[in-house]
Each structure stands twice: as structure tokens, then as C-alpha cells.
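Hey, can you piece these two chains together into the complex? The hints should help.
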Amino acid sequence: MGLGSDMYRQQILDHYKNPRNYGKLEDPTFTHVGENPMCGDEIRMDVKLDEDEETIEHVAFSGDGCAISQASASMLSTELAGTSVEELLEMDRDDIIDMLGVDISPMRVKCAVLAEKVAQDGAEIYMGELDKEKTSTED
Amino acid sequence: MSQQNIEPLDVAAIRDEFPILEREFDGQQVVYLDNAATTQTPDAVVDAMSDYYRRYNSNVHRGIHHLSQEASIAYEEAHDRVADFINADGREEIIFTKNTTESENLIAYSWGLNELEPGDRVVLTEMEHHASLVTWQQVAKQTGADVEYIRVDDDGRLDMDHARELIDDDAAIVSAVHVSNTLGTVNPVSELADLAREHGALSIIDGAQAVPNRPVDVSEIGADFYAFSGHKMAGPTGIGVLYGKQELLEEMEPYLYGGGMIRKVTFDESTWGDLPWKFEPGTPPIAEAVGLEAAIDWLEEIGMDRIQAHEEEIARYAYEQLAAEGDVEIYGPEPGPDRGGLVSFNVDGVHAHDLASIMNDHTVAVRAGDHCTQPLHDKLGVPASTRASFYVYNTREEVDAMVEALDDARQLFS
Ligand SMILES: Cc1ncc(COP(=O)(O)O)c(C=O)c1O
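Going line by line, the protein sequences match chains A and B. The first sequence lines up with residues 1 to 139 when you count with the numbering used here. The second sequence lines up with residues 1 to 414 when you count with the numbering used here.
In case anyone wonders, no lab produced these hints; they're calculated from the structure. The beta-carbon is built from N, C-alpha and C at its ideal position, and this holds for glycine as well. Any given hint could be a false lead.
[To be verified] Negatives, chain A to chain B, calculated, CB over 10 Å:
(1) P19
(2) K24
(3) T29
(4) L49
(5) D50
(6) M91
(7) L130
[Unchecked claim] Restraint-style ranges between C-beta atoms, simulated for each label pair:
(8) A/D6 / B/G336: 39 to 45 Å
(9) B/E220 / A/P37: 38 to 44 Å
(10) A/K134 / B/K141: 19 to 25 Å
[Unchecked claim] List time: in silico DSS-like cross-link candidates among lysine-lysine, alpha-carbon distance up to 27 Å:
(11) A/K17 / A/K132
(12) B/K141 / B/K379
(13) B/K98 / B/K264
(14) B/K379 / A/K134
(15) A/K134 / B/K141
(16) B/K141 / B/K98
(17) B/K141 / A/K132
Pulled out of the complex, with its shape left as it was, chain B reads as follows (with noise of 0.2 Å):
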């Protein structure tokens, strides 16, 4: 892609948006720079989970009445509306979840506990958060099956002849991150997918850090399953999706049971409704579908390119800034095409957490811990890092912030 013909955002406006990026602690407006775990939320967003209380509140698809049938159809077309974002066949393909964790389990329960067989191979990367890690590991103690992890080069990214050694036909799951939330390696996805797929193995990518920063388009991948978070691209909490083929999700048993899901109920058996309705038991996040969708209009409306590159012009500075201090390690690729929008990182002398609590004192919101990739830490030989993560409305200025914040560290603790 050819980063000159992309106009750059127009932060101070986006800014605007997010009321929150005005608070202060002690007088110092807050620079927050942990979106890779959370991100924030536009009035957008807020707005239409306010108007959908204030005017349609209802439960959705059992109701006769006016206000059943309006939330319903949002809650529906939500669904639609995500399909059209990543570029998936429609709403069958679509289930809503909790988050990026709950949609991992769904193939784990549903399809991981049912198939698996002893000495069948789920094949993870050394860089997998701990919600497919932790997951895939307890399927396979289950089912007797071994878990497999690609390595992880020097550079942080995937070792590939590795992958192709471990992707054959013992395999039976390829999962991997999209984007590395500790790394923020940008990995080949669909050349992983293919050799899934040439291995009759399937295929799931965690893209929770990959769908709020960039285009994606599901078919163009072409894995199996895709996961992600409503509450990591300017959306609510308490939503995710999990995007999975029509034919895979039918031949699927769902993982939770109970109302809004069955076509039949007899006292002795019942059938499924159809998809996606037959993975979301219960009453489901109705008001959460309506901020993801409003969200994902607020973010296409900015244009998922001009997102990817201001994250990486803004991450590309980082790097720089952080590289030039001589004391600090940075963990990941260099800054790149596969790099995405987030540095993690240590002071030489200066514990993670002490550095992140000395960034709190100037009001800079980082992350410091294992970014749940603790295996991953424990390779790169470090117990935490800090990190720092970008989204829409962040700027250079935040940046040196960050880095100002460091000379502080740098006199506490030499």
C-alpha cells in the first residue's frame, strides 16, 4: 500500500470525540496509551447505546410488540453489519460472544472437545495470547492430543520453515495471532490458513489486534474462524465476534444451551435454530451490537486504511524515540510493513511495573506485565514489559510524554 496517497487523520478533531482524553489527574491530562487493551469510546458509540435505552430497550427475537421488533432488527442487522465489515458471506457467518476469549472457547468446546483425537496436533505460535494458549492447552490434556508452538525468531516474527514442519497431516488446528499484542508482529495469515488448509487442518486467527487497526477481509485470508473484541476497536465491552464458515458452523454443536437458540423442544430432545442464532443462547448483548456497529460506521467512516497508517507513522516514532535512549530494549519486529502499532519494552535497571508506575505519576497510562503471553516472556528472558499502545487519537506529543516520563525512572533507580 502506498502510504502517500493516504490523507492523515485530523487528530484534534477525532479527539473531540472522546471526552474522556480531556480528564486530569492532579492537573495533568491523561495520555493514554494502553489501547491494545483497551480502547476508548466515541460520543458515536455511547450515543447510540444511550438512544437504543432511552427509545428501544427490548428484548430481541421473541416479541410481538413495536419495541421488540426494532431492537431485533438492530440487533440482527448488527450482525450484518459486522459480515460487511471483514468481508464475510453474511450474518450466518457472524456470531456475537463476549470477546475475543469466549469465541476462542466456542471452537474449543464445540468443535475442539469433539474432534480432537489423541496424537492429532493443534499447532499454536510461541507469540499466542493466553486465550487460545490456556485453551488450546486444556482441550488438548483432554482429548489426549499434543500442542505444538511455532517458534519465534530473534527477530519476533514467525519462524515459517518451522511452521511448515509442524503444519502436517498429524495437524488438526493451526491458531495464531493476527498482530502480536506484545510483539506487534504482523503475521502471514493466510499463508498459514493455506498450509492449514493443504494439511487438513483448520484454521482460526485471533485478529483482536489486528480488525481495530486495519482492513481485514475474512475471504482474502480465507481461514476458518476469526476472532475479536468489540471493546479493542473504539466499541463496548461485553461484545466479540467470532467469524467462522457457514459450512463449519453447521456442522458444529453449539456450547451453550438454553433459549433463542432452538427450532424444537420436546421433554425429551431438541433442534437447533439456525446460524447464528443457533451459538447465541440466552438474551444476548442487544445494546453492546448496537455500539459495535456503531463503532465500526465510526471507524469506516475515518477509513480502516488511514487508521493503519497513522497507527504506524505514530508507532514508527515510538520505536525511534524509545531505540535512541541507548538503555531501553525493544521487544518485535522493526518498524514495518509487519509491524503493527504497539512497542513493548524494558528500561535497563527499571522493573516494568516500576516504570509503569512512575509513568502514572505523569499521567501516562501504560501497560506493564506479560500482556497475558507469558510463555513469551519467558523466552524473551524478561518476567514483564512495559507497553505502549496506539490508537486514532494519539500524537506525537503523548509519545515524547512517554519518553520524558523515562529520565524520571532513569534517577529513581541508578
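So that you can see chain A by itself, here it is in the shape it has in the complex (with noise of 0.2 Å):
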């Protein structure tokens, strides 16, 4: 059997291991947290917006828990740089398991889109058009 199963690619790992945009942002638009009570990852997501209050001009991320629900994490803070508001809000599941390039075992689906919940949570807060204190994979 070779090392790791598809899930742990190389990718993964180095996003894990040198997590990209990791810490809080001085000023951000919108801050929001989440958790996957499953395996107990917690996410906390910092977006700031232009000025045109639509474009997504930086995002990090703090928080732990398992390789997948961090590497997600830091990769979709980079992916989401550049993009805009309403892209964030019609990401799905799909774009998430596109986004890390392997294959997710349904049991871990969660970890993997915990990031993109607490984003687009945050984002929906941000514009007040959801009430929540914490997002929660099991919602």
C-alpha cells in the first residue's frame, strides 16, 4: 500500500503544514467563526472587502483541527483574494472537493467545507441577511 491514501496528496499536506494567510487581519469587514463538533476543528475567518464593497481584497484564517479542514481552509483563503462576494456565496460542496483535488470519503466532507461555510456565513451576516453567532457543520 503506498503512503497515505489520496487524501493526504501533497497538496494537502503542504497546505496543512505551511498554512497560507494564517492569523487574524487587523481590520477585516467581516469576521466569523465555525466548528465541525464531529472532529472538533474550529475556523475563524477573516474577509476584508474593497472599497467597492463587493470585491474580496484578502482573507485569513485561524483556528484548528484535522489536515483536511485546514489545508481547506488556507487554500480557499488564496483562491478567494480577487474574487467577488456573490462568487463566495455560490461556491458548493463541489467547488470545495475541485478545489483540493482529491477524492473526500463522505465521512470527512465536513472537515472540507468548513472553511466555505464560515466564509459564506460571515459574508451573509456581513450583509444581514442571516442571524447566527456560529456556524456549525452540523446545522
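Right under this line is the structure:
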């Protein structure tokens, strides 16, 4: 058996070990937190919007958890820079799996989509379309 | 108990009775180390259940015909078999439920909601499974009772001084796991039951991880209630047991109502039937009761003391192999008489879920998560752990396969 399943390809491990945009933003436009109670993964996403209130300028994340959740947050943070809030809200689980570029076993999908859900909920709360303190993959 | 006189299990012969253990994924045979979650089912149990469906499937209690008579007798006698197995006084003390969780809920609804008052204390342990922890937490909220938790010390044992503090005359309920499904700790349950009795509290023991792998004698333990699940003891899913002292069960109101439990019904009123049927309304798990009886026969044929010795031996081996790794943190007491057959651990720098995924690549089935003891994991300061749990069919080679998989995890994550 080769080293590691498909799930732990180099790219995932690289983002896990060397997370991009890890930390907190000084003046984020919005910030939101979420958890995956199954795994105990916790993620905070800070998003800074451009003056147009539409373009995502910068994203940072913090928290801890399994390799899949952390790598996913790291990759998403780079992916989102330069896109729009609308594009963020349109993302779904398939986009995340495409982004990760590996097969995610069914039990681990929640780990993979945590960061995306937190960012999306954060955006909706900011736009006044949602009211919640914390995102949970169990919602 | 002197281990020397106990004849070891013929594991190879036992494995032959579990075709599932031969299953392969990607050409590798499964190594099943998730027995605390559910155990595998030997052919004897599958056959007994299939014999029931093929030959005498019928509803119980109410049929005059032959098939119903056979099914009724089998179902009722399964209660006798369970009573005998755990040394209860008789079928009146054995209620069949869906699982341990329902057994706990039965006491909570039937006794707890009716009897608890503001200021009463419900004493649990920090190592309680959510099955009782969440249940009593909610009942306490509804009744105004307080919940207190007996501390778990750094070695993973209950702090019995703290237990003596909490179990005073305000205590109404003491509920504890017999064997912790996370730490593996075997708790001094008769001491807890004695303390409860001295202070007029009811005692409940969650035996989900004890009945499968050691001789359990409820009369000797002396608790008022004792709960366990069929699917963790080589039996089927869908059936659990609540043992309760007859005089208590007689006083308690049923919490599920319906047919099969009543003595007399008018448009205005109903009276309850005899024990244990008063607590078993509706069509019960008949095939599952037949399967549970077959599982008990199968276990006793091997011998509970031999099963216990085997589990302790495998768990000790696993503990020692893991402890020798250096970067592995193991939770719970060191191997010995107060540790059961499971080992929960974490590898430094590897999240438990990642570790379980990598083990799965080696077809090693372990569990990762909080094992339904979230507050205990909070206390341990980890979000999750990986748990290997053993049963009659596990071997040292299987433990080795698990330990070997750790190398992959290290290589990937270091
Ligand atoms: C100690 C303990 N109590 C209760 C349970 C719940 O058992 P069940 O899911 O069969 O209700 C389990 C198993 O998950 C357990 O290990």
C-alpha cells in the first residue's frame, strides 16, 4: 500500500504544514467563526472587502483541526482573494472538492467544507441576511 | 482472579465463526478494532435469528396459534436467559429496550421526571457517556435538580473522596459507567452503589462496556439499575437491556404507552400489566431477543472469565506497544485489573481524524472522535482521540498492524 490515501496528497499536506494567510486581519470587514463538532475542528475567517464592498481583497484564517479542514481553509483563503462576495456565496461543496483536488471520503466532507461555510455565513451576516453567532457543520 | 489458571482462547477457531473478518478492501484483510462501538456477530447468532424468521416468526403475547406460541415463549425465555446471565432475580427485572441509551432514558422519564425536585442532586461522573450525561442534564433542567460530576483524576480514575463528598443526603441519583468507553477505566461500581444506598439515592450503572467482556453479577454489584446493549456483546443491534430491582420497577410508571403492556383498558382508564411487559409496549424486538439469547449462549460457551483475560492481555499489549512509541499520549489508567479492553490515544502532531483515515488506508478500523464523551475530552484538553477497542477475535498481529500504520502518519505529517 502506498503512502497515505489519495486524501493526503502533497498539496493538502503542504497547505496543512505551511498554511497560507494564517492569522487575523487588523481591520476585517467581517469576521466569523465555526466548528465541526464531529472532529472538533474550529475555524475563524477574517475577510477584508475592497472599497466597492463587493470584491474580496484579503482573507485570513485561524483555528485548528484536522489536516483536511486546515488545508481547505488555507487554500480557500488564497482562492478567494480577488473574487467577489457573490462568487463566494455561489460556491458549493463540489467547488471545494475540486479545489482540494482529491477524493474526500464521505465522512470527511464536513471537515472540507467548514471554511467555506464559515466564510459564506460571515458574508451573509455582514449583509444582514443571516443572524447566527457561530456556524456549525451540523446545522 | 488468578490469570494463570485461565485457559487461553482458541482465537483462530473463534475467527472462523465471523466471516466478516475475512473481508478485504483493496486486497487487504480488515483489522477490526472498533469493538467498543459495535462488536461483530458470530454465525451462531445470525443463524438463530434467521431460524426465527424462517421457522417461527410471529407476533408475541397475543396469538393463540402455534407460531405465536413459539415466538412468545422464545421472546419471554430470552428475558430469563438474560436474568440468569447477569444474576438478576428473574424476568421481572429484565426489560428489553432498543439499546443502553433507551435504557437510561427509560429511568430518566419514568423515574426522573416524576420524582426529582429542585435541590435534588444528580451525581454523574466526568467520564459519563452522553447516553446518561445528556439525558440527566436535560431531566435536571426540567425538574430543577442539580447535576454534579465526580472528578476524574490524572490517572483516569474516579476521585472517590470527591464521590463521597457529592453523594450525601441531597443526592437522589448516582449514575456511573462500569467501564469507561474512552479511558477504559473499570470503576468501583459496588462502592458507588453502596454510597448511594447509604444516602437514600438510586444507583444506575451503565454496563455497555462491561457486560460484553467480563462476568457481571448485578446482585453482587447491588445497584438499582444496570443497562447494556446487545450489539456490543456479539448480539444484534436493536436490543438493549435495562435491569432494575423489582420493587422499584413495580412502583415506576411506564414511559411508553400502548398495546401489550396493559391489564385492562376502558375509554377512561388503563391499568398496567405485569413486569417486565409493563415497560415493553408495542411489538418488541423479537428476532433480536432470540439473537441476544444466542449471543449469551455463545459467550458463556467460551466463558466470560476467559474473554476478560483475553481482552486484558490484548489491551495490555496494545498499551505497551503504543507507550513505547514516545510520541503517543495514552489516556486512562495503566494496564491492570482496573483497565478494560480498549486504548484511546493521540499521536503528537497528527489529528485523530487524520490518523483514523490513514489507518483506514491500511484497512485498520479504529474510531476517532470524542466517543460520546465530549466534556471528558475538553478536560483532557484534546478535541478528539483515536480509540482501538478489542474483542474475542482480536490478535496481537492486528495490534501490530495498527502500530505500523503510525509510521505512515508520522511520515506524512512530520
Ligand atoms: C459506556 C457507554 N454507554 C452507552 C453507550 C450507548 O450505547 P447504545 O448506542 O447502544 O445506546 C455506549 C456506546 O456507544 C457506551 O460505550
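Results of checking the hints against the structure:
1. P19: holds, 14 Å
2. K24: holds, 21 Å
3. T29: Nearest chain B Cβ is 29 Å from A/T29, so the label holds.
4. L49: holds, 31 Å
5. D50: Non-interface label on A/D50 holds, nearest chain B Cβ at 35 Å vs cutoff 10 Å.
6. M91: holds, 23 Å
7. L130: Its Cβ never comes within 10 Å of chain B, the nearest being 26 Å, so this holds.
8. A/D6 / B/G336: 39 to 45 Å: holds, 41 Å
9. B/E220 / A/P37: 38 to 44 Å: holds, 39 Å
10. A/K134 / B/K141: 19 to 25 Å: Holds, since A/K134 and B/K141 (Cβ atoms, about 21 Å apart) stay within the stated range.
11. A/K17 / A/K132: violated, 31 Å
12. B/K141 / B/K379: holds, 23 Å
13. B/K98 / B/K264: holds, 26 Å
14. B/K379 / A/K134: holds, 22 Å
15. A/K134 / B/K141: With Cα atoms ~24 Å apart, A/K134 and B/K141 stay inside 27 Å; holds.
16. B/K141 / B/K98: Cα-Cα ~25 Å, so holds.
17. B/K141 / A/K132: holds, 24 Å
Comparing the model with each earlier hint shows a violation of hint 11 alone; every other hint is respected.
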